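A.B. asks: These protein sequence lines are chains A and B, in that order.
Each residue of the first sequence is one higher than the one before, starting from 0 at the first, in numbering that gives the first Met the number 0.
Each residue of the second sequence is one higher than the one before, starting from 0 at the first, in numbering that gives the first Met the number 0.
It is worth saying that the hints were derived from the structure and are not from the lab.
The structure displayed is predicted, hence computed values, not measured ones.
Incorrect hints may appear among the rest.
[To be verified] Residues on chain A that point at chain B, a partial pick, calculated with CB under 7 Å:
#	residue
1	T74
2	T112
3	Y185
4	Q186
For each residue, glycine too, the CB sits at the ideal point set by N, CA and C.
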Amino acid sequence: MRAVLAVCIVLLLGTGETTAQSPARGDAAAHVGRAVRLMQDRQFSEAAAEFAQALAIDPNNDVVRIQYATCLFATQRDEEARKQFEIERQRLGDRPGLNYYLGRLDLRANDFTAAIKKLAPLEKDPALSDAAFYLGVAYMSAGEQARALECLVRAARNNPRDPQVHYRLGRVYSMAGRADDADREYQLYRDWQESQRVAEQYGHECRDALRRQPLAQARTVCQRIADPKDSRLLVLLGELYSANGAFSDAVAPLQQAVKLDPESFDAWNDLGSSLFWLKRYREALPPLRKAASLNPQFFSTLTLLASTLHALGEDAAALPVLERAHNLNPDDAQVASRLERLRAALKGKR
Amino acid sequence: MPRGRIGPGLAKLKIAQQQRQISMQYPKDCKQFMTRRDLLWLLAAGARAQQPAGMASRGLVPQARGKPSGLPFHARFTDIAELAGLRAPVIYGPEGRVDYIVESMGCGVAFFDYDNDGWLDLFVLSGTRREGPAPGATNRLYRNNRDGTFTDVTREAGLTRQDWACGVTIGDYNNDGFDDIFISQWGQNVLYRNNGNGTFTDVTREAGLLHPGIRWGTGCTWIDYNRDGLLDLFIAHYVVFDFQSVPATGRNPKCNFLGVPVYCGPMSLQPERCMLYRNNGDGTFTDVTQSAGIDRAAPTFGLTAMAADFLGTGWPDIYVASDSTPSLLFRNQRDGSFAEQGLQLGLAVNEDGAEQSGMGLGLGDFDTDGALDLLKTHFSGDTAVLYRNIGRGGFEDVTLRAGLGVETRYVSWGAGIQDFDNDGLPDLFWATGSVYPEVEKVHPEYPFRTPRVLFRNLGNGRFEELLSAAGPAIAESHCSRGVAFGDFDNDGDVDILIMNVNEPPSLLRNDVSGSGHWLKVKLVGTKSNRSAIGATVIVTYGRRRQAQAVTAQSGYLSVNDRRLHFGLGAAQSADLEIRWPSGLRESVKAVAADRLIAIREGEGVVKVESFGGPRTAA
């Protein structure tokens, strides 16, 4: 979710007339920092409340408003979400990320015509790979089976491991009387659903094994999760290992994950974190930089990046990173203290 | 939220990184870092394999409620059970706790006219208690006294029995003009033949319906699957269960709900298959499960079973609501066999391809397009599902479009699609009740007893929930399961009978005001089975066409009044089309409203009754 949000923000702000937004100012940054941490924990309602407070202080911050709107979307507060996205559309014009969410809101509101209008231009946008799916659903609901079919076929190509796509595609084929095609898709739906179920079960068993067994034994249990072609399972495996201190084991699956999904914040972040804890600072730096670029408001990533730069003796580079981290979480006494020492150290060097 | 390219369980995986004590120096011991809060959502919330307790729920956030329509609703429900003489509690397991899953599932109820006097009687199933026979626990037959009260005639009828009764199906299997009763149970099932003199005889053994060992029969329905005019019998099963091999509440730490120990299942238990028995015409039945292809379907946790001509082919199919597993649609192949096609017809899962906890079923035509639609109920944190019949392609999940997404609070059971206010637009109703009595003591926000749910039809494919506008009985909280719909007081509307766990049943009398007209249709088969089970009636009134079917099970393991009730709104007459189970089609034109008409197969209307029944006692 964070990765896609970041992509949306890039789509919104990386092109076009507006210049890059400065980080939320002052107290607003602290609210944003809390909000982003809450989003990480999928506490979207609480995150929305923090973003709302940030906006009250810094009402012209487009990034914050978009993040706020996304949390409202996640908690099905559709009217409010639409209002916030529309504000941004007024400010920034028609941007892919905005139209993506507004189109999905139209879909939820059963306004299929409007949904199609907004989502259709996004059908082939590689940054919004599931736009084709929602567009297909909109066409399906509007009774336009032929277009629904085209979109869902594309969605299946974009996300071949998603059982939901195959189910929807099966339904369209069924409605079109194409029984053989429908059966094929239903089988894929069953297969990928079963695959997910098995992965979930393996995940449980891996977690339990890592907690209760020696690592060598737990590894045998955990490696069943590894699928060299599935970045999400590789990230899951990496996170399970690193959550239990097995950082060396976490590296390989995460390295593979970032190759498969170069825009995955989780993969880059966890890879950088694992390398950091292995004291492989030089290697940790690129993934942490990438993670920070994908999610510039995530406190933990910034503190890790700053620590890595410091460990490499690059205090001048560490300072602005640590300052950003501090702004996002001014209550963190340790970071505040480190920042003070770092400033003092740099001043002393000049 | 952009969908992860992976399913919802894995997409939720996160490991929350609490603030680490990040030292600008290399930490001496990496184990000193603060423990990560292990929010493996996948493992905590999504992994059904590791959640022995409970049923599948999507944990949905409900849709925001829109503004009320402000339209008056001309039906008002009052619970008159006490006044009507329904005072005996339905014993089902211990009070205040559930040790085993069998104690939580409850049972069905039935409206039927056992003595053919034109007035609906009540049949209320019962459970028992594991420790031994509970005083007063028995299935009960209540005879309608025609004055709003009932008399318990269980003993005289020979129906006294205490078991883990689950489902009931009513039909005249021997075509002698009297409705018989089949009860599915945990243990052995029971077939009661109606002797025609107010008594019943247990003929299970001689009918060939005893099965080896213990099985948990749940959904059951009469069905004439081969169109020979004889009612055959379909039985669904829930899980493989016995008290010895399944741990009681508190014995398995994985079986908990929000940290409160609860019973285990069904996910940790083995699902079951369905069975089909063919009626031999001589009082006996033959197990044709294998030859009919019923056993080719994957085992599920089967609950309510419903037989009807869902697809308009002239042949009855069977739909089984299945808990946490894909629901089953056995499509009649017209050659004595069935093919399971729930997925192909859009009835197995919801629109996202997700399995749900299917419990209750309602059948009706909510959009009055002449095709039968389905309503299925589910667990809390999820919506009920409304499937619209789209013809050749099967069914379409229109739940959210219809506005049902606003209600996800309750564990939901017996359901129906019925026109309660006679405005010509069928409404939706279901009963609710938790499965975990222990939880509310620790988490009062999860009460054991919860209110009924009623959605009124707005006529544009959408519904709005009525929280208090349909009378006090809707808002009353009970732990309910089986629901049956029928007109017990013969006043031209639809009343509701509800099973409440360890409480007396509820009898919701409907008092309709307003000027809506209605029509009731009673069918009597001649070439078809006498009960006309499997028949479809399509009524045309104004610009609307409404389909209904004569079923032998619906709600939750229950049986509705077989007299089909059609609200006609402002229309004062209607045209009827009857599709008999035998394949015969008949039509009757310009039937005056506000009548009960009886139609005999091949003969047309044989009786017309105007209702103006006696005032009820309350």
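A.B. asks: Any CB of chain B closer than 7 Å to the CB of T74(A)?
C.D. replies: For T74(A), the interface hint holds, since the closest Cβ of chain B sits about 6 Å away, which is under 7 Å.
A.B. asks: Is the interface hint for Y185(A) satisfied, with its Cβ closer than 7 Å to some Cβ of chain B?
C.D. replies: holds, 5 Å
A.B. asks: Answer holds if the nearest beta-carbon of chain B is closer than 7 Å to that of T112(A); otherwise answer violated.
C.D. replies: Cβ of T112(A) sits 14 Å from chain B, so the hint is violated.
A.B. asks: Answer holds if the nearest beta-carbon of chain B is closer than 7 Å to that of Q186(A); otherwise answer violated.
C.D. replies: violated, 10 Å
In the structure shown, a violation is registered for the earlier hints numbered 2, 4, in ascending order.
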